[in-house]
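Model the full assembly from the supplied sequences, consistent with the hints where possible.
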Amino acid sequence: MDATVLIVDDESHIRLLIEQALEDLEDQGVALLTATNGEEALDVIAAEHPSLVFLDVMMPKMNGFDVCHAVKHDLKLRDTYVILLTAKGQEFDRQRGIEAGADMYITKPFDPDQLLEKTVDVLGL
Amino acid sequence: MTQINFRKLMTTNRGIAPLVAALLAALPGAAAVTDADGTLLVGHDPGCREEYPILLDGEVVGRVIGDEGAALLATVLAYVIEREAEKRSLARDGLDKYRELNLLYELSEKIGASLEVQSVATVAIEEACRRIKVGEGFVLVLEEATGMLEPIALPAEAQLLVTGIPVGEGVIGQIADSGRAEVIVDLDADPRWSARERNLRSLVCAPLKARQRVIGVLGIGSAESTAYTAADLKFLSTIASQAAPAVDHAMLYARTVREAQERERRLQLQVAELRIEVDQARQSQQVSAITETDYFKALREQANDLRKDLRSSA
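Top line first, the protein sequences correspond to chains A and B. Under numbering that gives the first Met the number 0, the first residue of the first sequence carries the number 0, and numbering increases by one thereafter. Under numbering that gives the first Met the number 0, the first residue of the second sequence carries the number 0, and numbering increases by one thereafter.
Read the hints as simulated data drawn from the structure, not as lab findings. Ideal placement from N, C-alpha and C gives every residue a C-beta, glycine not left out. Be aware that a few hints might be false.
With a cut-off of at most 35 Å between alpha-carbon atoms, the simulated DSBU-like pairs for lysine-lysine come out as follows [what the hints assert, rightly or not]:
id, chain 1, residue 1, chain 2, residue 2
1, A, K117, B, K109
2, A, K75, A, K60
3, A, K60, B, K7
4, A, K107, B, K208
Calculated from the model, a selection of chain A residues having no Cβ within reach of chain B, i.e. all distances over 12 Å [what the hints assert, rightly or not]:
id, residue
5, N36
6, A45
7, L76
8, I97
9, V121
The following block contains the structure:
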């Protein structure tokens, strides 16, 4: 299994938490990549073609909606499964996320086990 | 001992693997990194037998073999591995805390949406059992009239390890009495043990406190010896502190509903009694209305006259 998961968040502790939650998948050949802002995320997505992207919404340089929109409107990348992560209380953003083409929307604080289950499901492990 | 995958760190880790490759290339002589069993991971076998162990928490996790500079590389890698292990340990702790935070967040939302004691208790037990996976959860609430801690009726499939117990009796009763949470691994050896706790061998239990008094207890118990930890106790106490006000409100709500229903029942009885009195008064009024008419009076006089005539003729 050579799947790649990209974790995009400007907060290092959130990236680390998600990496830790998904750590066991590395033993099954899943590569975990990280990016700290929207622009970097787009570069990594274009270069590595990850199967799944956990994408924070509020980020410097380029927000998650714009990254998602760019990915979902690129014929080569549109199959990438995108999960938007946002803080609780910003659920009005959900509609905006759907319009940007996001496949799923998870609010923080998220359930780490749910993230793992969803990743296993999306990657077909 | 912190668990790390040395092979993965040396060969695929995005930060460390390139660093190791660069350091190996920069060494003046040939060198290689092996795992603890001697399997080559990075570099080329230099063909010499000089080995420098890479230690983590006193255990050999790998080795550097080579000539000049290999010892230095082993020292650098030991430092890097130690930092990585610390980072992962902190990340695991952070993840555990995040899980707890998420659980409590969900707990607050769920119990806030319920006004029934049973629903609140069920949510508290379910959330506690998500983290403390061994044993059966229970909630006992204090019946003020009897001083007994009574179990809240749970779904039929739940195995009840505890029955009603007076405050102050047994371990659970004393936890309610003292208001202090406790973890007991071997209940049989505890002098406070009560025969009412016969099904319990190990226990983690926290009081439910609301308005500065104990209104019950939340616990997880096992019929088998179970090594509940201080972290379990802390977690259960946190859930208990979240659930207690909700249980208190739900009990207050249930009491208010019961009292309102009782008042309504009494009112209905009073109305019924009043209706009977009104009916009786109306009847006597109707009788009076008939007996006070001129016709009835004339009839009564005629009857009296007839009685007199009969008496005189006799």
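Here is what the structure says about each hint:
1. Straight-line distance between C-alpha atoms of K117 (chain A) and K109 (chain B) comes to about 23 Å, which keeps the hinted pair within the 35 Å bound.
2. Under the criterion of a C-alpha separation no larger than 35 Å, the hint pairing K75 (chain A) with K60 (chain A) is consistent with the structure, at around 23 Å.
3. Taken as a hint, the K60 (chain A) and K7 (chain B) pair is honoured in the structure, with Cα atoms around 33 Å apart against an allowance of 35 Å.
4. Between K107 (chain A) and K208 (chain B) the alpha-carbon distance is near 29 Å, which keeps this suggested pair within the 35 Å criterion.
5. The Cβ of N36 (chain A) sits about 17 Å from the closest Cβ of chain B, beyond the 12 Å cut-off, so the non-interface label holds.
6. Separation of A45 (chain A) from chain B is adequate, the least Cβ-Cβ distance of about 18 Å exceeding the 12 Å criterion.
7. Here L76 (chain A) stays apart from chain B, with its beta-carbon at least about 22 Å from theirs, past the 12 Å limit.
8. Every C-beta of chain B lies more than 12 Å from that of I97 (chain A), the closest at about 23 Å, which supports listing it as non-interface.
9. With 12 Å as the threshold on Cβ separation, the claim that V121 (chain A) sits away from chain B holds: the shortest Cβ distance comes to roughly 20 Å.
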